Amino acid sequence: MSVGARADRRRAKQAYRDAQSGAGPVRPDAPLPLFPGATSRFALFAEAMLVGVVAGLVSVPLVTAPAALAAGTRHLRRYVSAEDSSWQRAWADFRQSLLGGVGVAVAAVLLVIATGFTLLLGLVETGAMRLLVQAVAALGLLVVGTALLLLAKLWEPTRGWTGAIRSLRPAVEFDAPGVLWVGLAVVLVGVLTWQLPLLAFPALGVALLAVVAVEARGRTST
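Taking our numbering, the leading residue of the sequence shown gets 1, the next gets one more, and so forth.
These are computed hints drawn from the structure, not numbers from a lab.
Take the hints with a grain of salt, since some may be wrong.
Stated by the list, open to error - Computed beta-carbon distance windows for the label pairs:
#: 1; residue 1: Ser40; residue 2: Leu142; range: 28 to 34 Å
#: 2; residue 1: Ser40; residue 2: Val112; range: 21 to 27 Å
#: 3; residue 1: Gln88; residue 2: Ala138; range: 25 to 31 Å
#: 4; residue 1: Met129; residue 2: Ala43; range: 28 to 34 Å
#: 5; residue 1: Arg89; residue 2: Gln134; range: 55 to 61 Å
#: 6; residue 1: Glu173; residue 2: Gly116; range: 28 to 34 Å
#: 7; residue 1: Pro61; residue 2: Gly163; range: 34 to 40 Å
#: 8; residue 1: Arg9; residue 2: Trp87; range: 39 to 45 Å
#: 9; residue 1: Ala46; residue 2: Val112; range: 47 to 53 Å
#: 10; residue 1: Phe117; residue 2: Glu156; range: 32 to 38 Å
#: 11; residue 1: Met129; residue 2: Val172; range: 29 to 35 Å
Keep in mind it's a predicted model, so treat the numbers as computed, not measured.
Ideal Cβ placement from N, Cα and C applies to all residues, glycine included.
Please work from the sequences and hints to get the whole structure.
Written as structure tokens, this is what we have:
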């Protein structure tokens, strides 16, 4: 290969990298990426971690958890689409979803308490019955966590939490495999939290990113 050809090849590679990163112009014949905000994997991962930490801290009072999850999900959805993903918009989503989200949080907390009570009952049992009760309690926690993430994905300012709850069953029936993926994300959060509680915050960001990814899977660029 001649010196000129090697130089042209280096320039072409550099132009491609600049176009992918946003530092340079995109060629007129280049296909537009399906998710332009996700071209940098490291930046996307870092943004998800940051969203997880912020959403986790905001969720500490518990009654704010659904609103934090909804705002975080919408923020990451805008981020991967290269839309306006400012924190001001995330804060606006949080404030708008907070009122109805309190009711969702109370219902979730009551279900977790009932599940915890079931788990305590399992401690007094022995043998196979104890394992069965523990399995039922773990399944209950998994269902509650998965439902919260799905509701956070379904929440929109125009329909509120009531509309999200009404859309939950059709969404599950329409995309049962996607629900399983979200459930696996909940399991990941649980396992990492059990290993090291501080990992709960970044793991939550990964779970929210998984919700956005599951929602977007199956799309094809045109």
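Should the hint that Pro61 and Gly163 are 34 to 40 Å apart at their CB atoms be regarded as holding?
The hint (34 to 40 Å, Cβ to Cβ) is violated, given that Pro61 and Gly163 are roughly 24 Å apart.
Holds or violated: the 47 to 53 Å window for the beta-carbon distance between Ala46 and Val112?
For Ala46 and Val112 the Cβ distance comes to about 31 Å; the hint is violated.
Phe117 paired with Glu156, Cβ distance criterion 32 to 38 Å
34 Å, holds
Quick one: are Met129 and Val172 within 29 to 35 Å, going by C-beta?
At roughly 30 Å between Cβ atoms, Val172 and Met129 fall inside 29 to 35 Å, so the hint holds.
Please test the hint of 28 to 34 Å on the beta carbon pair from Met129 and Ala43.
50 Å, violated
Is it true that the C-beta distance of Glu173 to Gly116 lies inside 28 to 34 Å, as the hint says?
This hint holds: roughly 29 Å between Cβ atoms.
Assessment of proposed distance window 55 to 61 Å (beta carbons of Arg89, Gln134)
Distance hint for Arg89, Gln134 is violated at roughly 42 Å.
Just tell me: holds or violated, for the beta carbon distance of Arg9 and Trp87 against 39 to 45 Å?
41 Å, holds
Given a hinted range of 28 to 34 Å, is it respected by the beta-carbon distance of Ser40 and Leu142?
33 Å, holds
21 to 27 Å as the expected CB spacing between Val112 and Ser40, which holds or is violated
37 Å, violated
CB-CB spacing for Ala138 and Gln88 relative to the 25 to 31 Å hint:
39 Å, violated
Comparing the model with each earlier hint shows violations of hints 2, 3, 4, 5, 7, 9; every other hint is respected.
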